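Now for the letters of each chain:
Protein chains: 2
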Amino acid sequence: MTARPTLEKVAARAGVSRATVSRVVNGSTHVNPEIRATVMRAVEELGYVPNLAARSLVTRRADSVALVFSEPPTRVFSDDPMFASIIRGVGHETEASDKHLVLMLAGSPRGQERIERYTTAGHVDGVIVASMHGADPLPAALARRGVPVVCSGRPLQAGVQGAPPCVDVENVGGAEQAVGHLVAVGRRRIATIAGPQDMVAGIDRLTGYRNVLRDSDRRSIVAVGDFTRESGVAAMRQLLRDDPGLDAVFAASDMMALGALQALRQAGRRVPDDVAVVGFDDVPAAAYAEPPLTTVRQPLHEMGRELARLVLALASGQDAGAPVILPTELVVRDSA
Amino acid sequence: MTARPTLEKVAARAGVSRATVSRVVNGSTHVNPEIRATVMRAVEELGYVPNLAARSLVTRRADSVALVFSEPPTRVFSDDPMFASIIRGVGHETEASDKHLVLMLAGSPRGQERIERYTTAGHVDGVIVASMHGADPLPAALARRGVPVVCSGRPLQAGVQGAPPCVDVENVGGAEQAVGHLVAVGRRRIATIAGPQDMVAGIDRLTGYRNVLRDSDRRSIVAVGDFTRESGVAAMRQLLRDDPGLDAVFAASDMMALGALQALRQAGRRVPDDVAVVGFDDVPAAAYAEPPLTTVRQPLHEMGRELARLVLALASGQDAGAPVILPTELVVRDSA
DNA sequence: CAAGGGCAAGAGAGCGCTCTCTGACCGAGG
DNA sequence: CCTCGGTCAGAGAGCGCTCTCTTGCCCTTG
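Residue numbers (this note's numbering), protein chains in the order written: chain C, 1 to 336; chain B, 1 to 336.
In short, the hints are calculated from the structure, not lab data. Since the model is a prediction, treat every value here as computed from it, not as a measurement. Some hints could be false.
To be verified - If the Cβ cut is set under 8 Å, some of the chain B residues that face chain C in the computed set are:
#	residue
1	L52
2	L57
3	R88
4	H100
5	L105
6	R117
7	A121
8	G122
Every residue, glycine too, gets a C-beta built ideally from N, C-alpha and C.
Work the whole structure out from these sequences, hints included.
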């Protein structure tokens with residue numbers, strides 16, 4: 001690694017002081033255009049790039065944002081295209097603001113601690129916590145130390161004063177759309193494969209399901225999965241045992257819906273003729289399922305962008321404002 | 001944000017000098033155990049966390065690694081679970097080495113330039129370039145400036161002196177396994193849906209296909225896709241037009257294989273009875289396809305880990321060594 | 001013509017840390 | 001007795017940058 005030029009070097013070359021070069025590099029006004037040009041040339045010729053560590057040391061800004069997945073990454077990253085979309089959205093926005101994105105995956109408990117140390121140490125301007133579990137202690141810990149933090153997904157203890165700002169989708173509303181559609185097409189015995197009940201998305205989507213059933217005077221038939229395909233298969237089988245006469249299923253995630261499709265096929269039920277199926281997420285695979293899956297689309301990319309925008313706003317001293325809730329949209333395909 | 005304690009503060013509290021605290025914090029030997037304990041206590045009580053910017057400024061290390069996806073991220077991150085696996089693998093390893101992971105997605109040309117500036121500026125100890133396009137100028141630019149760089153996927157100009165070190169999978173060998181299997185089960189007219197011919201993975205897998213066909217005295221039937229599902233559908237249709245009598249297809253990616261499955265179904269061909277299909281990648285969806293897809297598994301997670309290990313080794317001054325080529329494995333399911 | 005105001009550039013003090021160098025103190029050997 | 005080598009803690013010099021403060025200049029004004 002060859003020695004990289006410093007401000008000092010550039011200043012010497014341009015025949016000005018360090019301070020002036022700094023002003024030019026940082027785009028300050030109040031610099032004589034002629035001198036500015038000279039400095040620019042020197043910067044160019046020397047290939048000068050500011051040392052961020054030095055800058056960060058004095059400005060106490062890091063120009064970076066941490067994106068934390070504090071789940072054990074196995075589940076998080078395997079199947080689920082959602083996380084990639086969020087990452088993309090966040091990256092999109094951080095790039096636009098010229099910030100860097102530090103990705104932290106909490107594999108081990110040691111990783112957890114590491115993340116907490118790192119993020120609370122002021123090495124980032126803000127933290128996006130994409131953990132879906134409500135019980136995650138990280139957001140609160142960060143907030144306590146004054147680090148700007150934004151959560152993806154309404155935290156479980158929401159409503160409590162001091163809950164960190166968050167970005168979420170209309171989980172209740174989306175589920176209502178899905179189940180409402182099932183009701184509208186005349187289904188009578190509508191079951192659900194709920195998500196894990198320690199995650200807000202799991203809880204809220206079940207709430208939406210129950211809301212519609214209550215209002216339409218139907219009995220609820222519930223099995224619980226963990227958002228994975230395998231759990232969808234198991235839950236569907238359970239449902240078929242519990243109520244062989246069911247004629248519709250709302251799955252709280254597309255992966256579970258795909259699993260349900262598989263279980264239904266194995267059980268000899270036709271979709272949607274015998275059993276209508278609606279999922280949630282609109283993952284790419286949903287459109288290619290057999291039959292193509294009717295589902296509730298969430299704007300993941302937009303969610304990532306919003307997350308980044310919000311944390312950046314907080315980092316620049318603005319107030320949090322109300323939680324951002326993004327709309328969902330029912331995508332009707334063939335399965336219901 | 002409350003003022004975070006500095007080394008100075010800790011030193012004052014422990015009644016020692018800054019240097020001693022530094023020694024303790026950095027785990028140097030040659031410190032009296034008693035004093036060490038006192039210092040540790042002070043660190044604990046004050047909640048001291050070292051300022052990385054300051055440390056980095058003097059040590060000229062960044063303790064972080066950049067992972068660059070220099071493709072337009074649309075394709076990269078959408079469907080493809082591969083990237084998530086690589087990220088996970090890299091994250092796994094960086095965490096183990098207590099390094100940070102800076103993720104950079106080149107969306108725009110401006111992003112490209114930004115990445116180049118950032119990575120060449122010495123703000124990271126090393127760079128992992130996960131661009132699959134052989135023509136990417138970034139690795140060479142980095143190598144020129146002395147920044148440790150590792151590529152995922154053998155670069156196109158390999159063999160040329162000064163090609164950066166890389167980690168790749170047995171693309172040729174994997175394709176040979178796949179097509180060999182097709183030959184072994186008695187297929188006569190074996191077509192391929194090749195990947196893009198400006199990517200090494202695309203080129204190499206086609207080479208593997210041709211190798212086996214040549215040796216087994218069969219005619220090659222080739223259509224080219226771009227690794228996406230949609231392109232798989234289109235290519236399969238083309239193939240069916242070109243040679244309606246084909247009885248097997250090797251697709252250079254699972255997504256294309258899934259597309260092929262769909263096109264075959266629509267064309268009324270049974271898989272594997274009429275046409276056998278083999279994919280490449282072993283994405284999670286492959287196991288759930290109708291019928292479950294026979295494919296070539298690549299150890300993506302391991303690839304990520306190896307990538308990280310390699311760049312970390314380079315960063316610590318070790319030599320590159322030969323390219324790391326990870327083995328692939330034929331996973332026989334029902335489609336062939 | 002002197003005094004005041006405004007603006008551009010330089011000087012210099014750190015930001016928090018590491019690391020070399022110096023100095024103090026100990027026990028051993030001449 | 002003094003010297004020598006060895007170990008461990010402190011002193012202090014920066015790392016490259018930003019930013020406040022000061023200085024110097026020119027133009028306006030009384």
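Supplied contact hint for G122 (chain B), tested at 8 Å Cβ to chain C:
G122 (chain B) check passes; min Cβ-Cβ to chain C is 6 Å, inside 8 Å.
Less than 8 Å between beta-carbons is the criterion; does R117 (chain B) satisfy it with respect to chain C?
The hint holds - R117 (chain B) has a Cβ within 8 Å of chain C, the shortest such distance being about 6 Å.
Let me know if the C-beta of L52 (chain B) comes in closer than 8 Å to any C-beta of chain C, holds or violated.
holds, 5 Å
Tell me if the interface restraint on L57 (chain B) is satisfied: Cβ within less than 8 Å of some Cβ in chain C.
Nearest chain C Cβ about 4 Å off; hint holds.
So, A121 (chain B) near chain C? Judge it on the closest CB pair being under 8 Å.
holds, 4 Å
Taking 8 Å as the limit, does the beta-carbon of R88 (chain B) come near enough to a beta-carbon in chain C?
holds, 5 Å
Holds or violated: the hint that L105 (chain B) contacts chain C, with Cβ atoms closer than 8 Å.
Holds, because the Cβ-Cβ distance from L105 (chain B) to chain C comes to roughly 4 Å (cut-off 8 Å).
Interface hint outcome for H100 (chain B) [beta carbon to chain C under 8 Å]
holds, 6 Å
Checked against the numbered hints above, the structure breaks none of them.
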